[in-house]
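J.: Using the sequences and the hints, build the whole thing.
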Amino acid sequence: MERLLRRLRYLLRRGRHDADLRIEVETHRSLRQAQLERAGLAPPDAVLASRRALGNQHLAREESRGVWTVGWLERAWQDLVSGARILRTAPGLTLTAVALLALVIGGNATIYSVVHGILRKGAPGVDARDMYTLSWTNERGEVWAERSYDHYEKIAAEARTLSPLLACTFQRVALGIEDGVSAVRAGLVSPNYFETLRLQLAKGRVPSQEESRPDAPGLVAVITDRIWREQFGRADDVIGRSLTVNGRHATVIGVAPPWFHGAWLGEMFDVWLPFSSYPQVVRSTRGVSDGRHDAPVLIAGRLQPGVSRAEAQAEVATIDGRIQMATRKSIERLTLVPYSATAGGNSLVATQGGRFLAVFSVVTVLTLLIVCANVANLMLGRAVNRQREIAVRRSLGCSHARIVRMLLAEGIVVAVLAWAAALVFAWVVAGVLASVIPLPQGASAGFAQWYFQPDSNVALYAIGLAAIATVTCVLGPVLFAWRQPLTPWLKAGEHSVIRGRSRLSRSLVVLQLSLSVLLVAVAGLAWRSLSIVDGLDLGFRPDNMLIATVSTAATEEREAKARILDAVRDRLARLPGAAIVTYVDNAPRETAWERHAVRADAADEPVRAELNHVGTDFAAVHGLTLVTGQDLSRVPRAGGRTALINKHLADTLWPGTSPLGRHMRVGDDGMRQAQVVGIVPDAFFSGFRQDSRPNFVFFSAADDLPSGSEASFYVRYDGRLDRMIAGVRETLGPSGLAIPIVSLRTMESRLNEITALPRMLAQLLAAFATGALIIATLGQYSVVLFDMRRRVREFGVRLALGASPQRIQSSVIREGAKLSIIGLVIGGALSLGVGQLIRGVLYGVTPTDATTYVSVAALLAATTLVACAIPARLASRVDPLRVLREE
Amino acid sequence: MALTNTPSDLLPGTLELLILKALAHGSKHGYGIVEHLRLASADMLAVGESALYPALQRLLLNGWVKAKWGTSENNRRARYYELTAAGRKQLAAEQAEFDRMVGAIRRVLAET
Chain V
11 MERLLRRLRY LLRRGRHDAD LRIEVETHRS LRQAQLERAG LAPPDAVLAS
61 RRALGNQHLA REESRGVWTV GWLERAWQDL VSGARILRTA PGLTLTAVAL
111 LALVIGGNAT IYSVVHGILR KGAPGVDARD MYTLSWTNER GEVWAERSYD
161 HYEKIAAEAR TLSPLLACTF QRVALGIEDG VSAVRAGLVS PNYFETLRLQ
211 LAKGRVPSQE ESRPDAPGLV AVITDRIWRE QFGRADDVIG RSLTVNGRHA
261 TVIGVAPPWF HGAWLGEMFD VWLPFSSYPQ VVRSTRGVSD GRHDAPVLIA
311 GRLQPGVSRA EAQAEVATID GRIQMATRKS IERLTLVPYS ATAGGNSLVA
361 TQGGRFLAVF SVVTVLTLLI VCANVANLML GRAVNRQREI AVRRSLGCSH
411 ARIVRMLLAE GIVVAVLAWA AALVFAWVVA GVLASVIPLP QGASAGFAQW
461 YFQPDSNVAL YAIGLAAIAT VTCVLGPVLF AWRQPLTPWL KAGEHSVIRG
511 RSRLSRSLVV LQLSLSVLLV AVAGLAWRSL SIVDGLDLGF RPDNMLIATV
561 STAATEEREA KARILDAVRD RLARLPGAAI VTYVDNAPRE TAWERHAVRA
611 DAADEPVRAE LNHVGTDFAA VHGLTLVTGQ DLSRVPRAGG RTALINKHLA
661 DTLWPGTSPL GRHMRVGDDG MRQAQVVGIV PDAFFSGFRQ DSRPNFVFFS
711 AADDLPSGSE ASFYVRYDGR LDRMIAGVRE TLGPSGLAIP IVSLRTMESR
761 LNEITALPRM LAQLLAAFAT GALIIATLGQ YSVVLFDMRR RVREFGVRLA
811 LGASPQRIQS SVIREGAKLS IIGLVIGGAL SLGVGQLIRG VLYGVTPTDA
861 TTYVSVAALL AATTLVACAI PARLASRVDP LRVLREE
Chain B
4 MALTNTPSDL LPGTLELLIL KALAHGSKHG YGIVEHLRLA SADMLAVGES
54 ALYPALQRLL LNGWVKAKWG TSENNRRARY YELTAAGRKQ LAAEQAEFDR
104 MVGAIRRVLA ET
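Protein chains in written order, with the numbering used here: chain V, 11 to 897; chain B, 4 to 115.
Hints listed in this document are in silico derivations from the structure and should not be mistaken for laboratory results. None of the values given here were measured: they were computed from a predicted structure. Careful, some of the hints might be misleading.
[Claimed, not checked] If you want the footprint, here are the derived chain V segments under chain B, 3+ residues with CB under 8 Å:
#	region
1	22 to 35
2	65 to 74
[Unchecked claim] Pairs of lysine to any residue, SDA-like flavour, derived with a Cα cap of 25 Å:
#	chain 1	residue 1	chain 2	residue 2
3	V	164	V	344
4	B	69	V	79
5	B	24	V	344
6	B	31	V	19
Think of the CB as a built atom: it goes at the ideal place given N, C-alpha and C, for glycine as much as any other residue.
T.: Have a look at this one:
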């Protein structure tokens, strides 16, 4: 240990050390000289004799240094220093190679850091290690992350391996602070919520056990930094201040740290309340029990120290299975999903994220391969130019291993520079992305930074890519140097003609071209798919439709709520410019509306249909007229529930006969019955999805007002949107009906959100494909140019013999086109295969889409011409006289 | 004066032992050590003078000696080496080991 410390101390001051040794030895020599002079030698002789007495000083100094350093380390350092010489001897090549690698590593690291951030990171401030989210999969493969609070309490009481275990649910509430009331998102959380997340509050404290009991006297709340800032003006005395939640008095006891909006991105909170306050906060309109035990909650927990995920999974699944057995007919399989801010549930990111990641892993590998092939070609070119140098080195006794080490050192120097540049690149781009990407509703500034900024994982990932890059940079030159015969190169003079380029470099170009074709084809397919989706007829006119979502959480009774909703509809309908207004329970969103089993008769096989509750004029607000039957009525009907269904469902349930007046059973148990009063045309009412023939059931809201705490209104308007929005705000605002607005969006922007992921995918793919094609074209250009230079003599002779410049040009272009055609064939075959894999993401196009492939071929023909144009021109302008003279 | 650059005519490790012994009676600089060895051995043991320095570095690395800068007899900067406690212990151990070795060699040679 001490030896190691002494060694380190030596390394830190090795320059000093060498100088010291020199002084010391010189003193020694002078003493010896003095002694010899005393013995009678003349001073000049004494100097020489003293030097002889010392022997080989260089060797002594070298050995002294050797005592302190570790041999192989020293040699490796020497190699690196000599490798760094590439910077001086070939700056252009190094710069190009570093830039190419830095771009591809940086680009991929950015993608990785964003995807990694969204898919894997926990919420800010949460210690995500060893945390798992509970998730259930049913026999149809549908994933659910929610269970009742009752279910949660039973698991939490028994689970020993996954403990503590938290539960939380999301409720839109009306938050009253002083005079103002606003719609905010509340998290109703189990008592151990903050403890499980290991989250430190910025101010105040978390709810105590007493405050979390159902019979607790007062309501307590923890608020976000945002509410503290915006509603309390960062007041220092915020703890103990009061506010109202859905009209109930509550006391602020804590403030969460900045950026923390709850453990899940999908459900971001503004305020946290103990779960026990559920009956007070959520006014049950169902009138059954207090609703507390049926409330669906997300569940996550932390592994006990020393427990593996498999053990915890086994224990929790056993407990859960027993609970399910007692209450359900079919058992849903429980899995522990590693906790992240997006894990669990059926959110878009959770369900599609994996596929997204897979597509981009492939793209990463492809672009990396293309760039590596290009850089390998550059390095190979250098190796060709250095054949003589290598031959001389070898003949002077330099071993193969030494040459490999030298080339490897060059590769490492290039890769390390590229890695560093890539990290800077990724850092900057991620920062830009974070400021460009729209924040989730209600998130604080800086929130996106947390998710997108590269962390140590990203740096490691980039190191991995850089290592691959090193190997590819070095492999070609090493192969080349290894197999190279010595004699011809030693015989040839300094300016010997470089002979034919290896097959290797041509194959590398073909590899680049075929992989670019693959990327371009896939990107093309994605664009085609997107344009089909965008141009798709939704079956209704989404333009000029505004969706206003309001919170009805503050209203207790059903009748009162119905009255308020009626009032809202009437007031909105009277706004200037508002043509038709209707009420809906659910507006289009990320996921489809809830799907339920529908049967014409109890004995029938069920058909699955999306269910919504709507008001009068639902078809009309979409710009549609009923196929047959009549519209839902405004007032409750005495004879039971009425419903509209779409044409496809009608044809499926009652083929060949009129569905009007018939009754259908809705739900797995068939408990809810409704009479069909009208048929609406087929349309993508809930937004576009993979399912091309969706079924819909629309219950009349007048008969059966849903119990949710939110309601939406569709407003079809004429004239200007901003006026309409201002009008709606005014109507619902404090001076009007004073109902908290949750969101105000156009139908089109809502629908665009649904295709956001495929859109992003297509854009990213296109960006990568463009880059890949440019790099491959440059690669092709350099190879064609190189070939042309090699054949200058041939062209000169041919021109002298009377060949026309056009002939020469076309022969150069033919050489280039040969590479392109091979690339096109291989790339085309590859993309057929990959197209099959990403079929799930593509809508409307088959992986063999002819238009796409024809366009790709045309594009490649164009880039080939670009790549060959300059070399061809140069070839046709070779001066025959000069060539012949040189002969 | 017989000059060798490498002390190959010494048993391996003997040079370090001799240096440690030379320093046993007080600190010396490099020249001092060489002179001490020459005088003490009546000119029989002459090491290649610069070969002394790698050996001294090894002793420094092992912590058996420590060095201090001072002034030489002719007023130049010289490094004076001094035994450490560990160095003394090492000297005793190496001396015992050397005696054992020489004894063994002697016994072999004394065989008739």
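J.: Which of the numbered hints are not met once you compare them with the structure shown?
T.: Hint 5 alone not satisfied by this model.
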